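The chain contents come next:
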Amino acid sequence: MAGAGVWPTVAAVTPTTAIELRAVHQRFGEVVALVDVNLTIDRHERVGIVGPSGCGKSTLLSAIAGLIQPNEGTIAIEDAITPDERLRRCALMPQRDLLLPWRTAIDNAAIAVENRGVNKRDARDRTRPLFERFGLAQFEERTPAELSGGMRQRVAFLRTLMAEKDILLLDEPFAALDSITRSQMQEWLLTALDQEPRTVVLVTHDVDEALLLTQRVVVMSARPGRVVRTIETDFPRDRSRREIVTSSEFTSLKESALEALEL
Amino acid sequence: MSKVMSDQSTPPDVAHERPPSNARRILQRFGPPALVVVLTLAVWEIVIKILDVPTYIWAPPSLIAQTIQENFGDLIGHAGVTLKETLVGFLSAVALGLGFGLLLHFSTWSKRSLYPLLIASQSIPTVVLAPVFVLVLGFGLWPKVAVVTLFCFFPIVVGTIDGLSSVDREYIRMMLTLDATRMGIFRRVEFPSALPQIFTGTRVAATYAAIGAVFGEWAGSESGLGWQMLQAKGRLDTPLVFADIVFITAMALALFGAVSLVERLTIPWARKGG
Numbered sequence: 001m002a003g004a005g006v007w008p009t010v011a012a013v014t015p016t017t018a019i020e021l022r023a024v025h026q027r028f029g030e031v032v033a034l035v036d037v038n039l040t041i042d043r044h045e046r047v048g049i050v051g052p053s054g055c056g057k058s059t060l061l062s063a064i065a066g067l068i069q070p071n072e073g074t075i076a077i078e079d080a081i082t083p084d085e086r087l088r089r090c091a092l093m094p095q096r097d098l099l100l101p102w103r104t105a106i107d108n109a110a111i112a113v114e115n116r117g118v119n120k121r122d123a124r125d126r127t128r129p130l131f132e133r134f135g136l137a138q139f140e141e142r143t144p145a146e147l148s149g150g151m152r153q154r155v156a157f158l159r160t161l162m163a164e165k166d167i168l169l170l171d172e173p174f175a176a177l178d179s180i181t182r183s184q185m186q187e188w189l190l191t192a193l194d195q196e197p198r199t200v201v202l203v204t205h206d207v208d209e210a211l212l213l214t215q216r217v218v219v220m221s222a223r224p225g226r227v228v229r230t231i232e233t234d235f236p237r238d239r240s241r242r243e244i245v246t247s248s249e250f251t252s253l254k255e256s257a258l259e260a261l262e263l
Numbered sequence: 264m265s266k267v268m269s270d271q272s273t274p275p276d277v278a279h280e281r282p283p284s285n286a287r288r289i290l291q292r293f294g295p296p297a298l299v300v301v302l303t304l305a306v307w308e309i310v311i312k313i314l315d316v317p318t319y320i321w322a323p324p325s326l327i328a329q330t331i332q333e334n335f336g337d338l339i340g341h342a343g344v345t346l347k348e349t350l351v352g353f354l355s356a357v358a359l360g361l362g363f364g365l366l367l368h369f370s371t372w373s374k375r376s377l378y379p380l381l382i383a384s385q386s387i388p389t390v391v392l393a394p395v396f397v398l399v400l401g402f403g404l405w406p407k408v409a410v411v412t413l414f415c416f417f418p419i420v421v422g423t424i425d426g427l428s429s430v431d432r433e434y435i436r437m438m439l440t441l442d443a444t445r446m447g448i449f450r451r452v453e454f455p456s457a458l459p460q461i462f463t464g465t466r467v468a469a470t471y472a473a474i475g476a477v478f479g480e481w482a483g484s485e486s487g488l489g490w491q492m493l494q495a496k497g498r499l500d501t502p503l504v505f506a507d508i509v510f511i512t513a514m515a516l517a518l519f520g521a522v523s524l525v526e527r528l529t530i531p532w533a534r535k536g537g
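Note that the protein sequences, when read in sequence, are chains F and E. For the first sequence, the working numbering begins at 1 and goes up steadily by one. For the second sequence, the working numbering begins at 264 and goes up steadily by one.
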């Protein structure tokens with residue numbers, strides 16, 4: 001997989017391609033947010049996007065999700081090109097858990113099912129097995145205020161999973177957590193994705209997190225955001241987090257990412 | 264999998280503070296204002312006794328209490344009339360306020376055209392409309408209901424519109440990626456999150472409602488606490504005027520309390536602290 005900016009203008013969308021961005025430009029008035037972003041993401045690939053604050057990485061995610069349509073360029077999710085079609089193909093997990101305080105944990109997680117017109121009771125029944133599988137059994141009836149930050153983030157992730165989309169867009173999902181909880185959550189997410197493979201685009205400002213959780217890290221420059229480097233990472237899943245983080249490969253990849261970030 | 268399961272045993276840090284005992288909480292909450300009321304009544308009583316103020320000018324609390332006791336049946340009868348006007352007017356204001364708020368929320372055109380007019384309409388002193396209502400609707404229940412509704416409508420409609428439009432955009436973005444329809448977003452996010460502000464407006468309205476009914480009665484009526492008050496004033500029966508004031512105040516407080524109770528039961532999640 002080559003770096004960005006070198007894609008031919010016409011590339012065949014193979015069945016294994018999940019997301020394809022071609023020459024995406026985005027401006028907000030005078031502010032140029034994204035410049036010539038090209039990116040192809042395979043089905044069930046996990047891609048991390050790192051960059052300094054304000055580099056447009058969240059904008060990029062909103063554009064992929066179909067919440068905005070870029071000024072120039074095309075974004076395709078499988079064969080979906082228009083924003084409305086893209087909205088239906090992916091689920092977004094925001095940085096803040098955004099759990100609704102008037103709903104219990106399970107009703108929060110089940111909201112996407114209810115949105116599809118399923119009644120509350122059936123929506124709960126469909127969601128319950130996930131609570132058991134992902135270590136949230138017995139927390140179904142808690143309100144968000146009664147859950148810890150890590151627990152809330154898990155419920156938010158289950159809510160995203162219950163949208164039953166193949167593409168998950170994670171916008172700094174663990175940024176609000178303390179570092180120990182964040183490490184636990186990263187481990188939890190990897191295990192969850194092993195069980196429920198999805199195409200994942202993870203936006204983060206944490207280089208370690210991107211390297212650990214994804215197979216490819218796209219480094220973006222400060223505004224105007226452009227892709228400055230792409231780093232392939234694939235650490236075997238049988239190694240522990242500590243082994244990976246302290247390995248020389250990890251260190252050199254991290255160095256490469258930090259260099260691209262000019263840090 | 265094992266990692267996931269092992270995490271389950273981690274105790275959740277449930278954010279529960281030990282609540283203070285009930286009696287203590289009630290004392291902390293109601294003690295200080297009760298003390299102020301008692302002190303005020305005592306000073307009031309003493310000052311009138313010392314200065315020997317005639318009771319037709321200013322009645323001492325003890326005399327007001329006695330008057331209430333002696334005229335209890337009469338007072339209750341008039342209070343019933345005023346209560347009915349207050350409740351019917353208040354409930355119509357809730358229905359109209361919510362309905363109007365929803366209309367403005369769902370129709371951008373309505374909001375653009377009607378919201379500025381609604382705000383501007385508040386510069387019309389509602390009180391001066393009361394005689395007009397009497398002319399149009401007569402001396403019965405309806406002119407009073409109209410005044411109460413007019414008094415209460417505004418805070419409710421503003422609470423509804425502001426509540427609905429101040430919903431965090433991020434929730435809506437999230438819901439859009441979770442397949443929500445316009446109606447789904449309204450039912451599951453916008454309306455529940457607007458409820459605290461709707462209740463705030465409704466509570467304000469509840470305090471206006473009884474006064475609205477009294478204004479309505481002053482403009483023309485044959486019964487009710489406001490009517491009784493005017494009659495008593497004409498006879499220089501100041502203790503009875505005060506007795507009416509006590510009843511009107513109690514009515515306003517009761518309505519306020521009832522709305523607060525409904526609020527607590529409807530949106531327990533919005534309660535902050537005790």
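These are computed hints drawn from the structure, not numbers from a lab. Owing to the predicted nature of the structure, the values given are computational and were not obtained by experimental measurement. Even for Gly, the Cβ is constructed at its ideal location relative to N, Cα and C. Hints should not be assumed to be uniformly reliable.
[Claimed, not checked] Looking from chain F toward chain E, a few residues come up when the C-beta cut is under 8 Å (computed):
1. Asn71
2. Gly73
3. Ala76
4. Arg88
5. Pro101
6. Asn115
7. Val118
8. Arg121
Here's how the hints hold up against the structure:
Of the supplied interface hints, the one on Asn71 of chain F is violated, with its beta-carbon coming no nearer than about 19 Å to a beta-carbon of chain E, more than 8 Å. Proximity of Gly73 of chain F to chain E is violated relative to the hint, the smallest CB-CB distance being about 21 Å (cut-off 8 Å). Taken as an interface hint, Ala76 of chain F does not check out: its beta carbon lies about 17 Å from the nearest beta carbon of chain E, beyond 8 Å. The beta carbon of Arg88 of chain F is positioned within 8 Å of a beta carbon in chain E (closest approach about 7 Å), and the interface hint is therefore held.
The closest approach between the C-beta of Pro101 of chain F and any C-beta of chain E is roughly 4 Å, which is under the 8 Å cut-off, so the hint is satisfied. Against a cut-off of 8 Å between C-beta atoms, the interface hint on Asn115 of chain F holds, since the closest Cβ of chain E lies about 4 Å away. Taking 8 Å as the C-beta contact cut-off toward chain E, the hint placing Val118 of chain F at the interface is violated, the least distance being around 11 Å. Look at Arg121 of chain F: its Cβ only gets to about 15 Å from chain E, farther than 8 Å, so that hint breaks.
In this structure, the hints that do not hold are numbers 1, 2, 3, 7 and 8, in rising order.
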